[in-house]
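Participant: These protein sequence lines map, in sequence, to chains A, B, C and D.
Everything in the first sequence is counted per this note's numbering, starting at 1 for the first residue and increasing by one.
Everything in the second sequence is counted per this note's numbering, starting at 1 for the first residue and increasing by one.
Everything in the third sequence is counted per this note's numbering, starting at 1 for the first residue and increasing by one.
Everything in the fourth sequence is counted per this note's numbering, starting at 1 for the first residue and increasing by one.
Bear in mind the hints are in silico, worked out from the structure with no lab data behind them.
None of the values given here were measured: they were computed from a predicted structure.
Heads up, a few of these hints could be off.
Here are the simulated EDC-like cross-link-like pairs (lysine to aspartate or glutamate), alpha carbons at most 20 Å apart as the crow flies [claimed, not checked]:
id, chain 1, residue 1, chain 2, residue 2
1, A, Lys133, B, Asp139
2, B, Lys217, C, Asp14
3, A, Lys217, D, Asp71
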Amino acid sequence: MLQFIDTVGEAVAAVKDGSTVMIGGFGNAGQPFELIDALLDSGATDLTVVNNNAGQGDQGLALLIKEGRVRKMICSFPRQSDSWHFDAKFKAGEIELELVPQGNLAERIRAAGAGIGGFFTPTGYGTMLAEGKETRIIDGRGQVFETPIHADIALIKALKADGKGNLVYRKTARNFGPIMAAAAKHTIVQVSEIVPTGALDPENVVTPGIYVNSIVKVA
Amino acid sequence: MLQFIDTVGEAVAAVKDGSTVMIGGFGNAGQPFELIDALLDSGATDLTVVNNNAGQGDQGLALLIKEGRVRKMICSFPRQSDSWHFDAKFKAGEIELELVPQGNLAERIRAAGAGIGGFFTPTGYGTMLAEGKETRIIDGRGQVFETPIHADIALIKALKADGKGNLVYRKTARNFGPIMAAAAKHTIVQVSEIVPTGALDPENVVTPGIYVNSIVKVA
Amino acid sequence: MSIQTSATPLGRNDLAALVARDIAPGSFVNLGIGQPTLVSNYLTEEQNITLHTENGMLGMGPEAKGDEIDDDLINAGKIPVTELPGASYFHHADSFAIMRGGHLDICVLGAFQVSATGDLANWHTGAPGAIPAVGGAMDLATGAKDVFVMMTLLTRDGASKLVETCSYPLTGVGCVTRVYTDKAVFLIGPDGVQVRETFGLTFEELQALVPFPLVPFEEKAAGAVVGV
Amino acid sequence: MSIQTSATPLGRNDLAALVARDIAPGSFVNLGIGQPTLVSNYLTEEQNITLHTENGMLGMGPEAKGDEIDDDLINAGKIPVTELPGASYFHHADSFAIMRGGHLDICVLGAFQVSATGDLANWHTGAPGAIPAVGGAMDLATGAKDVFVMMTLLTRDGASKLVETCSYPLTGVGCVTRVYTDKAVFLIGPDGVQVRETFGLTFEELQALVPFPLVPFEEKAAGAVVGV
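Working from the sequences, and respecting the hints, build out all of it.
Facilitator: Put into structure tokens, the structure is as follows:
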């Protein structure tokens, strides 16, 4: 049942130790920084985190990693100029990494939401990221079998929500939000604005409310 | 290269004998009637047609079937109270039928556009529509392997197009349009209105122009 | 037996009202073509149920009348419908992702037969020469969290549609969780088929009509209201 | 040889201008991070090229400056960019469906190595202890109709990056169709690696740098402009 929640702290109480947590965003666009900060405060640990990156600088996901709360990262691009907290944990053998081509990451998340048991894709065929995976030749092209990525929780950021939990996003901040909302059992959304039901044009809803569990407005 | 074409007749000249043609629409909503009529006039034959149904009454797709121009139908729901032309051809053994659960039809069309080589789905497992297909148990559920449906041509209907070929639809007339546009090598769209580039909000574009080849305005 | 709740068999409308009462507030529901459509007449505003139609919409309203009719706004049965505040439209793959991804709380379907283990047969008689048509039935049967069936218990010839094994071609395997009939409500689970209530006959009279052993409902088992 | 077109090696900007000239009008193009980004500076309005960025946009404009900067509008390199009329936004799975479904006419990527059969290595040095990061490189390499590589022909140590077989971990197999370098443009096809033009050296001098046999360009083979 959809809930409108007053504080990010109450919203992230749904995250338990050992949870798999998807976190939206690509770069800073679409990162639910306030929810991530609340997750840091919540103390939840032993997390598997799904995000495109593995934290940047000294904020958000990078701090979760620094504090040793992330057991495993599933991401496409961990290494960046300012991913020092991940780099340190990785080199110390204190964090597990599942490196996934970005398109496979997106498609595997989408597959989880869409009830697909697995799919074949040419991406990664013949590379070390396909090692140990099932492959087959389809229509003359080598393809790799990839499986859905499900999550217990999704933390995402949208621009507006209406009373039914329908969401719209803004520009490239949309990125992983819609597919993560569909792939997680429990989706928590921070929005800039809550509008009355009926205020969003049904043609323009990007994430229907069926995928949303908790909404919190962030100033 | 995107083309704006004056008449439906010129637009459907891209359909050749033997082509696989996807036709949008669910019921009358989203059916590109004018394009289908033009296809009838064009004389193209030996077609494989992908549509949710197999024609209704004495119009559109039903007439293409009546005239013997459709070699094979790929659809989910051929039998209706007014599908008499399909029924007659089918009983006479003059048309081939590939019956596909509607969700598999949609997902297979989507897979073609998205470059997926095939996928496993629980839909149809243990039924006669899975006979002869590869199956496996994934996470304890029986699943069936389904392959993408590609097409030479898509004929679809949208509400508006801009100068870049971006499309928006109207209500439940959206249905198969966006996924067929992506799955076909050549997508022909009939629209009610052509608006200047920049007149559609980039947040609300449903089909980006990259999927569109020909646009014809139908009064 | 104490499970009897009505002195007479239930009519289609009473049955629809019963199904509607059993849907939890806030649920997302897909109602199949035919008899299940009647359920929408008995959903209350307080229940705040969101209806999904497979042809690309959440927040579907009642059937459209007169000036409300819009050729671009129809349901899966191709009947003109209306749009409620908070509705949304999406394309067919996204619509079936909602169904197949397990996001619908309940779908309500008609049936030719339901088996003791929840197999569903509702799309094809298998008769020689019959032209098959499946539509979205297999996706709904396989994808919804709970699949409710509404049907008469007996065929016109008096045979039970609740059977040990379906003789008609299957729509889905082990997918039905409840069966609402004119004579009884059945809950299908790992422990067999429980009879939650009977209408106009005793448990023993009902058992005599159904060709496999039934189990009287136990209060500790699954209750009435299902959904979110 | 008649294929030489320039008396000196090409600088990065001249090379970017050459790539831009070779893109057919109306094409949909993805420019990778780094050197390929320079190509956008040389695309003309008449070419009507639509740029895609993997993080969910078609119709990307130039880098944003000053007041144009919007934290919600960035490219794959996380640089603030602008929006052109006719742009569209979509989520990550839809964005990668564009790339993976073969809808982009051309992508332009940097590389560590390209093999004689078009294998690409551009994501990982394979050095012990190096933290790998792949991003969208494998999707672009595998999905675009044509994959152009821009790189210097030689490493700082003077080794050819055009190799018989890649020693670095692969990004994609047999995917590169053209290689633009400071010393020559190479076309990779079923008949081997053709040299379309050289910059500041003869075919024979070029051949001496590359560790497998090159083929001089024949006019009948693939021309210059590629795309829609």
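Participant: For each hint, tell me whether it holds in the structure or not.
Facilitator: Results for each hint:
{"no.": "1", "hint": "Lys133/A - Asp139/B", "in the structure": "holds (17 Å)"}
{"no.": "2", "hint": "Lys217/B - Asp14/C", "in the structure": "violated (50 Å)"}
{"no.": "3", "hint": "Lys217/A - Asp71/D", "in the structure": "holds (19 Å)"}
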